[in-house]
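Protein chains: 2
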Amino acid sequence: MKKIAMTLIFLCLSATTLADEGMWTLDNFPAAAVQEKYGVNITDEWLDTVQRSVARLDSGCSASFVSPEGMVLTNHHCAMRCISQNSSADNDLEANGFLAANRDEEIACPTDRLSLLIDTVDITEKVAAATDGMDELEAAAARRKTLARLVEECEATSELKCEDVTLYRGGQYWLYRYERYEDVRLVFAPETDIAAFGGDPDNFNFPRWCLDMAILRVYEDGKPLATPYHLDWRQEGLSPGDAMFVAGRPGSTQRLLTVDDLKFLRDVSFPAWLRRVAELRGRYIQYATFSDEAFRITRAPLQSIENGIKVVSRRLDALHDDDMLAHKLAVEADLKKRIASDPTLAAMVGSAWDDIANANEDYLAFREDYLFIEAGAAFSSDLFGMAKRIVRVVTERDKANEDRLRGYTDAEMPRLRQLTLADRPIYPELEILKLSWSLDKMREYLGPDSLFVHQILGKDTPETVARRLIEGTELFDPATREALWNADRKKLEASDDPMMRLAMAIDADARILRQRYEDDLESVTDKAYEKIAAARFKIYGTDEYPDATFTLRVTYGTHTGWQEKGADVRPATTLGEIYPRVTGSEPFRLPASWSDASDSLPDETKFNFVGTTDIIGGNSGSPVIDKDGQLVGLVFDGNIHSIGGAYWFNNALNRTVAVHPDIMLRALGAIYGADHIVDELTMVH
Amino acid sequence: MKKIAMTLIFLCLSATTLADEGMWTLDNFPAAAVQEKYGVNITDEWLDTVQRSVARLDSGCSASFVSPEGMVLTNHHCAMRCISQNSSADNDLEANGFLAANRDEEIACPTDRLSLLIDTVDITEKVAAATDGMDELEAAAARRKTLARLVEECEATSELKCEDVTLYRGGQYWLYRYERYEDVRLVFAPETDIAAFGGDPDNFNFPRWCLDMAILRVYEDGKPLATPYHLDWRQEGLSPGDAMFVAGRPGSTQRLLTVDDLKFLRDVSFPAWLRRVAELRGRYIQYATFSDEAFRITRAPLQSIENGIKVVSRRLDALHDDDMLAHKLAVEADLKKRIASDPTLAAMVGSAWDDIANANEDYLAFREDYLFIEAGAAFSSDLFGMAKRIVRVVTERDKANEDRLRGYTDAEMPRLRQLTLADRPIYPELEILKLSWSLDKMREYLGPDSLFVHQILGKDTPETVARRLIEGTELFDPATREALWNADRKKLEASDDPMMRLAMAIDADARILRQRYEDDLESVTDKAYEKIAAARFKIYGTDEYPDATFTLRVTYGTHTGWQEKGADVRPATTLGEIYPRVTGSEPFRLPASWSDASDSLPDETKFNFVGTTDIIGGNSGSPVIDKDGQLVGLVFDGNIHSIGGAYWFNNALNRTVAVHPDIMLRALGAIYGADHIVDELTMVH
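In the order they appear, the protein sequences are chains X and C.
Here the first sequence stands for residues 1 to 685, numbered as in my numbering.
Here the second sequence stands for residues 686 to 1370, numbered as in my numbering.
No wet-lab data here; the hints were simulated from the structure.
A quick note: this is a predicted structure, and the numbers were derived from the prediction, not measured.
Incorrect hints may appear among the rest.
[Stated by the list, open to error] Counterexamples of contact, computed for chain X against chain C with all Cβ distances above 12 angstroms:
#1 A130
#2 S252
#3 G282
#4 S341
#5 D342
#6 E402
#7 P478
#8 T583
[Said to hold, decoys possible] So, partial list: chain C residues that the calculated Cβ filter (under 8 angstroms) puts toward chain X:
#9 T734
#10 A963
#11 L1001
#12 D1040
[Unchecked claim] Think about it this way: if two alpha-carbon atoms lie no more than 27 angstroms apart in a straight line, the pair counts; the simulated DSSO-like pairs of lysine-lysine are:
#13 K1144/C <-> K310/X
#14 K399/X <-> K161/X
#15 K263/X <-> K995/C
#16 K263/X <-> K948/C
Glycine is no exception: its CB is placed at the ideal position from the N, C-alpha and C atoms.
Extracted from the complex, chain X is given alone in its bound form (with noise of 0.2 angstroms):
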């Protein structure tokens, strides 16, 4: 029913190189585009000094270095779980902010790791010949051997950490190799009323006012790392129409799925998780009106339900366009009868959508055993979480490194191991919330005959059971953790740790679940896909870009507006604008430190801006980047069309929001007084 205007796209079936659509790998960056439509030349120079300042927060986000001296900016939302981990109800870091006056002051962030893209190497063609000829099932373990033993031997070779990297869905495959930082502080944070001021309400709109920023430090062997490589502030940023580049991390993209997929999504995997995400907001929500600290430590994850459920709606919303559905199946049926036109290619691909489409019906018959059980939706704890990390890698680590389940692998243990003991506040209360309503998820799902519910309801409630596991685990210790742990398989299994015995209890059955899902759905996808990207690149050349795999990637587009229902929405805010929306209530409350910024800021800053570049989830943080290469804007958000992004981009609609460089550096300086940081980030180097 849903009729956005996409009159544009439905009329060329390739509109890549009319908009600014794209989100590019530096080696395949089209360059050549950006000079005629904008005339801008974008040199190896200027990317290569975007590849060494742009890193990934291993966490999910984007993040730049902006000083010589380790200094990375990235989003406030980006630093929330450093910010919450080191908040208490004494220090509230979310509500008050955060300012180090010098850097003895900088705070760890526990669970934080920054890793920075050094090169890549394209091995393509030894994952094909390693799975050359296989049926779906042998090519499947091949794959994950080969992947494996090359990230293996590549991190064999020097210091850098190596990740494999599966482009255009299996049209190509890469080690990606970086530089990798475990020693991650937080330097400013303002506070949340002004990082996220509309909160959920504003979220994905704009016009906006958030100063949704943060600093960090990256430090190497106890002293802030140097960062020769880092991007410059030009502090009155870009002018309406300028050309503009944004350089992060988009978390992923659906736009190159087949149409059966995007419907399994559309019918299937959206509609019951918004349900069950919509039920644990409500629970906490109502958890928050208990009291002060409910409210506090409530705040983090219920911004991140609150962001997801939005998300997750309006992804809905583009899946139910017909518009979108009558593209997709154009383009498809296109791809289809060029490939049909060619017997060679037509032999290649064979049933490859069939394939799919089969595959999606046949994991209908376990999908919600393996959602709930192995990949756990069943249990939602931080507690389980460690519980079951623990038990995979005490069990894991014994094999070779090629023969362990995907995931857990030499080259992960690090990540594995940080996720599992670094301390942090874990809040009992909240545990047996989480808990309780995803065990009651699982009953309604599985149904009460479900011989899991059995097994781990027993004869008590969701919410008896929730509070059994949680006042009876000792995993809140981090030397317990780290204990179990250490420790060998048998030694779990004397454990009397009733979190580590519901893990150890369900392990074999999900492994059953997992393996099923990967011999099912996953083998019979990935090829799939693989044979499809092949065909694909026959027939329309490699200058297209691959769908967002958490890698860096560079986009292009301009400093503009966009019209909305006919009325045109002015490309940036500034903060004399700000003023009117202030109510006194959250989350449109200005912070205390914010009640004067009228004497200490010109109304006129500028404040939030937007333009077309093509994002994604994950790339919060990321540096909006000038033609010369300086850094223009801090990207936070998406405007609600850019949403319908995972699906395909649209020029007319589709915006970056971003924070501007001028109300970020005069907040510094004039409300927060941290004239030390400005100098920082604003010294001639």
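Following the hints, complete the assembly by docking chain C onto the known chain X.
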């Protein structure tokens, strides 16, 4: 994606005569088809007894007279409102059940009312004459006035109460004449633990063990109503394969909706509703953990919400069934083709389908404003509902009867009065919970820049506003409500009750939205469906049944199980099978009275059973009747497939779920010691 095996239905566009499909009005009951299929002769006398014995509970259920002295059988969940209105922390009838030892102990149901259909009058011609040659807007106004006038004239001629009924989505208009009873009392209710054994997890599932029954009694002039027409019990019930009949008030089906209207439900209405209400569910569940009293007062509304979520979720699944959509498209294409081939019909129908699609498209522009401000989604509060009714009643009753807003004619005043003034408990904390949730959703959906949001919230949070309204209003007191009910508009305007002021403040805008809804959507679709219905009659004849309209219908079928994933589901459960399912915890807990049930009741006592009769929500409380007109069961649910029955009927899968008469009579005697009730129910009259 979801492909339920609908092959049978898919093969034949007009499957009515093959399946036990149809919710038949009594004037059009397919006795010949029943004779042919089941060898049973349904006489006019049989139908007459059914009509005189099967009543409507105006709150949304069905019921039947089961003794000569006004005793009424319905479901526990249909009496839940009355039960919870009569419950308190000290006297929890929901938890403990209720049994009146004698008639003096029978307790009033303050907001219940019972209607018994006496006869029906076809007024299609009169309505057609009144709207002849008019455009949509004129026709809508003329239709409303004509119906109001005909109802008024009808009520002037006798003591009977009259209602207008639209059948076949405008194909026919009728007057239904009722006896109406406003003094309804509770005689017996079992404990919720056995009435709703299995709770939400088992809701809409089978096998099942629920004693979902309650007994009411209708009084007239302070004395039990004499009910010479009533149903006699046949305690042994049906044998598999026996013909069975259900008479009751199916609430609403959408089988005659256009494909565009179905897509509107799928893509627009249902996803947003589920997202909102799942969040409310979470708030209730979390609130219920506060205290025993919080649990008690939350139980009834939570049960209702969870039922709604299950229904809408499954309807959404049904709408996502590609086969269903293909079937609907084929049916629609067939009808369109036949119309196109007949120039007279084509001229009559015109652009009806496009008119509906365009009206839906136009509706999107103001749908959310309408939904939240006029349809009440922003104001989820019993007290607000009362305030709004008072404002509307006081304003409308000064106008001529036929000029009033629909729903406010003289004929409807008694019900409005009862709903507004009846004395029953209203819990401030639940009111605050619901209202703050709905105000928050208003802001989420209309956006923080909506003028309505500004007007209603000002600079406060939804929580603050809700608390201020509920803590400030005096509408808790029935005497206050009555004084306002009796006041004039000027006096209302002088009220400083905050809830009354809110209802007054939004009334003008809400009326504008209502007018727009009626003019832009309703009048267009009413007219279009009228045309389509007329064409259907010309093409397919009148041997079809109309969509359900919460009016008396009879459906036929047979007592049989079904096949689920290749396995047989048996047609009935027995008492002995419940014990292995008992866990001791909600919702699989037996009440104390049942702990010795195995001593006093044979294990083989039939408990619940299923059959192929075509039912839908509103049929709850309907009697299952055998060929001889005897009561052989009490409908309380459908199986999970029956929910898709909103859109089509699948004989292979859709099942009615009912309580067996044997467990009802035996439990009354052996468990509850209610021999006086059993005697009244089973005495030979």
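Hint by hint, here is what the structure shows:
1. A130: 33 angstroms, holds
2. S252: Given a closest Cβ separation of 21 angstroms, the condition holds.
3. G282: 3 angstroms, violated
4. S341: At about 28 angstroms from chain C, S341/X clears the 12 angstroms cut-off, so the statement holds.
5. D342: 30 angstroms, holds
6. E402: Label holds. Min Cβ-Cβ 35 angstroms, cutoff 12 angstroms.
7. P478: 29 angstroms, holds
8. T583: 4 angstroms, violated
9. T734: 40 angstroms, violated
10. A963: Hint holds; A963/C Cβ to chain X Cβ min 4 angstroms, cut 8 angstroms.
11. L1001: With a closest approach of 6 angstroms, the L1001/C hint holds.
12. D1040: It is violated, given that the least Cβ distance between D1040/C and chain X is near 15 angstroms, above 8 angstroms.
13. K1144/C <-> K310/X: 24 angstroms, holds
14. K399/X <-> K161/X: 21 angstroms, holds
15. K263/X <-> K995/C: 22 angstroms, holds
16. K263/X <-> K948/C: With a Cα-Cα distance of about 15 angstroms, the restraint between K263/X and K948/C holds, given a limit of 27 angstroms.
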